[in-house]
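Numbering-wise (our numbering), the sequence shown opens with residue 2 and increments by one.
The hints are simulated quantities; they were obtained by calculation from the structure and are not laboratory data. Don't take each hint at face value.
Heads up, simulated EDC-like pairs for lysine to aspartate or glutamate below, C-alpha to C-alpha not over 20 Å straight-line [what the hints assert, rightly or not]:
1) K86 / E112
2) K63 / E138
3) K86 / D97
4) K152 / D142
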Amino acid sequence: MKNLLKPVVAAGLMLTAASAPMLAAPAVAQDARGVGVVSLPAVIANSNAYQTAEQQRQTTYKAQIDQAEARRQQLEAQLTPMIQKFNTDRQAANPDQQALQQQAAQIQQIEQSGQRELQQILAPVSLSRAYAQEQIEDRLDEAVQAAAQKKNVSLILDATSGQVIYAGAQHNLTQDVLNELNALVPSVQVTPPQGWVPREIREQQQAAQAAQGAQPAQQPQQQQPTGR
Numbered sequence: 002m003k004n005l006l007k008p009v010v011a012a013g014l015m016l017t018a019a020s021a022p023m024l025a026a027p028a029v030a031q032d033a034r035g036v037g038v039v040s041l042p043a044v045i046a047n048s049n050a051y052q053t054a055e056q057q058r059q060t061t062y063k064a065q066i067d068q069a070e071a072r073r074q075q076l077e078a079q080l081t082p083m084i085q086k087f088n089t090d091r092q093a094a095n096p097d098q099q100a101l102q103q104q105a106a107q108i109q110q111i112e113q114s115g116q117r118e119l120q121q122i123l124a125p126v127s128l129s130r131a132y133a134q135e136q137i138e139d140r141l142d143e144a145v146q147a148a149a150q151k152k153n154v155s156l157i158l159d160a161t162s163g164q165v166i167y168a169g170a171q172h173n174l175t176q177d178v179l180n181e182l183n184a185l186v187p188s189v190q191v192t193p194p195q196g197w198v199p200r201e202i203r204e205q206q207q208a209a210q211a212a213q214g215a216q217p218a219q220q221p222q223q224q225q226p227t228g229r
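Put together the whole structure using the sequences plus the hints.
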């Protein structure tokens, strides 16, 4: 089941305490048919462990956070007048397009370089958040199953994608389908007939023939009569 959870959980990797979505409804909701929905990123972001880790991280990594904030303010102070000048110059009656391109390239270079620098400063913070989240994810399957049992829910879907993240045994129709197939196809031939090709190749051949048949036939050129 953990493999099924990964695509959904990955969406919440960068959630912080400030941006964590509040749960407007219970994480697992049951309907009359025993089907529930759950938002795994919201569960993680609003968990006590995650919220506590976010608070502790502000203290543990205060030096890196303060350094990044100071550098961000420096970059903003550097870029603000450059952006203002760029906007003023491009509104001129006859703007110098070459000069504008140079200004834009310089602004973009500073922004990209600044982002890389901030990411490097905050790398320990990001690593800490990923480590904390992984510890929560390790128990997420267990929490989903426990909630399903308490709510008497036999099928749980992801609230965003609709992907099945938990299914009781009664929803597994593999054996039932197998029984029906065995009745419909009790045996098959192992030696293909002469000229047989796989379906994929047959479909490609049919598509090619259809495309060729759809092309308009070329009209023969009429021969001009020769004068005597």
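Tested hints:
1. With a C-alpha separation of about 16 Å, the suggested pairing of K86 with E112 holds against the 20 Å cut-off.
2. Of the pairs offered as hints, the one joining K63 and E138 is violated, with about 26 Å between alpha carbons and a cut-off of 20 Å exceeded.
3. With a C-alpha separation of about 13 Å, the suggested pairing of K86 with D97 holds against the 20 Å cut-off.
4. Our distance criterion of 20 Å between C-alpha atoms is met by K152 and D142, whose separation comes to about 15 Å.
Violated hint: 2 only; the structure is consistent with all others.
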